[in-house]
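*Asks:* Protein chains in written order, with this note's numbering: chain A, 1 to 157; chain B, 1 to 394.
Source of the hints: derived by calculation from the structure; they are not laboratory data.
Quantities reported herein were computed from a predicted structural model and do not represent experimental measurements.
Positions of the beta carbon are idealized from the N, C-alpha and C atoms, including for glycine.
Cβ pair distances, simulated, as ranges:
{"#": "1", "chain 1": "B", "residue 1": "176", "chain 2": "A", "residue 2": "136", "range": "55 to 61 Å"}
{"#": "2", "chain 1": "B", "residue 1": "337", "chain 2": "A", "residue 2": "87", "range": "42 to 48 Å"}
{"#": "3", "chain 1": "B", "residue 1": "3", "chain 2": "A", "residue 2": "48", "range": "37 to 43 Å"}
{"#": "4", "chain 1": "A", "residue 1": "99", "chain 2": "B", "residue 2": "47", "range": "32 to 38 Å"}
{"#": "5", "chain 1": "B", "residue 1": "47", "chain 2": "A", "residue 2": "8", "range": "38 to 44 Å"}
{"#": "6", "chain 1": "B", "residue 1": "310", "chain 2": "A", "residue 2": "124", "range": "27 to 33 Å"}
{"#": "7", "chain 1": "A", "residue 1": "144", "chain 2": "B", "residue 2": "174", "range": "49 to 55 Å"}
{"#": "8", "chain 1": "B", "residue 1": "314", "chain 2": "A", "residue 2": "147", "range": "22 to 28 Å"}
{"#": "9", "chain 1": "B", "residue 1": "337", "chain 2": "A", "residue 2": "120", "range": "24 to 30 Å"}
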Amino acid sequence: MTREEVLLDFTSRFHEDILDLYDKSHSRVYITVRPESMVRIGTYLFRNLGARFNIASGTDMPPNIEILYHFIVEDINLLISLRVLIDREHPVMDSLGKDIEALNWIEREMSELLGITFTGHPDPRRLLLADNWPEGVYPLRQDYEEWDEKADRTRGV
Amino acid sequence: MGRTIIPIGPYHPLQEEPELFTLTVEGETVVDIDVRIGYNHRGIEKLSEMKTFENSTFVVERICGICSTSHPFAYTRAVEDVFPMEVPIRAKYIRTIIAEGERIHSHLLWLGLAGHFLGYNTVYMWAWKLREEILDVMEILSGNRNNYAMFKPGGVRRDIKPEDIPICIRKIESILPTLDMLKKAVLDDPVLHARLKGVGVMTYQEAIDFSALGPTSRASGVARDVRKDSPYGAYQEMEWDMIVTSNGDVFDKAVVRILEMFESAKIMRFCLEHLPGGEIDANIKDVPPGEGIGHIEAPRGETFHYVKSDGTNRPVRHKVRAPTFMNLPTYKATVQGETISDATIILAAIDPCYCCTERIAVKDTGGRILYGGKDLIQLSREKTDRIKRRMGVR
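Next up, chain B with everything else stripped away, as it sits in the complex (with noise of 0.2 Å):
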């Protein structure tokens, strides 16, 4: 049968990071896949070497638009790690808060998102309402609904003011009830269970090959979470549950983020009623020589940073390690087998980005364009109405 090579990329103004994925497909199943990635490429690293340790902060706050918490996060405990130290008990929950807070609306983005591509607009729509909820919390303890810029080495640059403190948790309790019913409508739809169940299956062997992380991994039965693993702010200070599924496929990996969005509304509830009292900064000056090392889980997995100091007011050598920079190559292992109106979910259910597929254009050999992005999205939804007439649901 002959071969036809469909490029998904590289840009689209929704993708957290433009990269380009090349299809084989025989017919319409997917024999290869190749990524060319690099194109968001801004030298942050090189950039940071720069910069003092205080203003290295804002500058990773940019790294990722979405998951803005999880860089500064990673950067500060770094540089902590150099002394190291310990920041004041206050700083680390309301630090707790921010990230934790950060992990709702961003799997909420994904959520609806996913639920558009598959012809679910009501998820969607439902989801990113949810998520201006979320948002609105951001602000009152912010000042911005994202890139929060609440983080610096030693602690937090803002406190939370004790009269926002009930506005808060009345505002997250006011999301759960809805959220309870986006599970219920997500988990117990037969559609969904039909089109998303053992696709893009993902082994637990091939989650540790790959050293996958966050949901990815602990879709395929990979009891990883650098909150529980290597505590670090108030996590080790409340009760709340590691979510862990066995299945590995695309469903697993939707459940896995659903119920994780549960775990944080109870974290940042619990840290926003104990937040205990006390200084917020540790008041570092300077930074002896040595090195540093920053771990924490962002949304899609562990972020990681080191920091190499030289005494001087610069760090030497500064390492960013996104969790997609794991994630993503395992596109290998799942993709492989499916078709193309899989492909796309797959490549989505590791939250790199999904809207790669309104750029996709497949070609003949002749540079014909046989789908456009438009095609794409509909070859995916025609996949879901199939099932539904099949199944008698309207």
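Looking at chain A on its own, in the form it has when it is part of the complex (with noise of 0.2 Å):
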């Protein structure tokens, strides 16, 4: 399939979950769709379209929580962003990491940085952040304050 084909399956295809599209260039393309929807579309996109998942990338945009999903058809060299924008206080998404291995870990990575429940999550542990970092902090919130009173967080500048 072209670019043009796929893009055009793609949107009739799940045209009632897709908010946006933004075509940005040939080979960069964003498409902001229903949290709801993530689940079916990135599985669509995984195991039917062949595409290869790259990484999810949560960002903390007040009054929203957004995540991409960056997946690369590689055959024509087309990455796909899924944008989902979930609610701040309640960050809840269903978990994809549940039936594709490749996203195991950036869920669980995820979760501890930005605080995003993922439901069904088959390992929701900790990943990456110290056994004694306390619950509910989440460094990478825009408000995310010092908690560690011991830490020398100066950067020599």
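Combine the two chains into a complex, taking the hints into account.
*Replies:* What follows is the structure, given as structure tokens:
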């Protein structure tokens, strides 16, 4: 399939789930989708379209938290970034990691750094942060404040 | 049968990242494995939000000491993708030269450590001796043996002098015969065949499911290479082969890396010989608001950077994904069912770090140490020796 065919097939298949489509360049496209449709769309991309999962990146943008799931369709060199906006006060997402092994770790990372709960995740343990890091403190949130009184975070500049 | 828990890690000065593997074994067979990472979590993504676009190049260069160019390469491409813009052709060639030189020295480092671990110290000595020649080339080109500081958004920081080019080509050519000898020594060795073939097999489907990257996936028959799939730099300007093998075992992962070094030398040589003239820097000023993604093929697989800009001189969000993040979870598919003496080489075959092995301690339930790090290296070497004796090789 060519790039146009892939995009046409994708948009016609999920036209009710797509909120916005930004065709940035020949190899980048950003598609905003409904959070509740993400598992269906992500699984379709990964399993049926043969896309490779690059990574997901979460950003705290009050009043929302934005998650971008990056998939690349290697045959046509098209990086599809699926954008999902969820409520910052109740950041809950359905887990893709329970079906697709490749998303297992990044969902663990996002849940500890941004405080997103992935429902149905098979292994919701901490991945990166230290064991003595307090619960409920999320370092990539905009309102993050230093919690450790003994920490020296001066950067020498 | 009773179960024993073996912790591997977390610290060793030679490790790329400290990590703690917990192996549950029954007798000699690994039945379960778990990993704890994060010992080296330095909050680079958060730090990057406080740096300007220019400064972050230096921060990301220090993420990894071995593949120090892959992160600036991916990061600068991400910043350039915000516009989107193209860098001058001469800068593309220089970037390609640096990236390929790094691939050769990184693969040689891995090969040397793999040889050391299997009890082939000659391979270790030869590989690291060859690596010195490549580091010399990098020093001539960039002024540094590592952490080259060549990249900036929009181009490169330092030009290649015409008088240096013949010296570099001569040095690259001088290592090729020795590399060829090393290749034959490793690939034709019946003991290494017996030791590494069929060990830690990752199937094609597993490589797809885990989204494995780089040599780890190419050894399982997944023809996946960012240099071919999403051409960048100067890779589409010349002929070179993507190395793909099909068995998915440790031996094939070594084969992919060894053969890739010849391709990298070919690419480096072509770029040095055909280095076009012109500017090396597009002199970008303000980064517009928007998002950019940069991904490149590092020695271990795809390095992925995502940058979000709001029009100021600092990124709002900077996401870094190193290839090991995708490759490391494949241990779930490859280690279970193997023996302890193979577990370490399998974990090492994805090239996360080798020397975790020196920090292994096997404890029984009373906390008594049964095996230390040296004992486990010994276990691995003894297996090689057993195979040697069985085959009548001295």
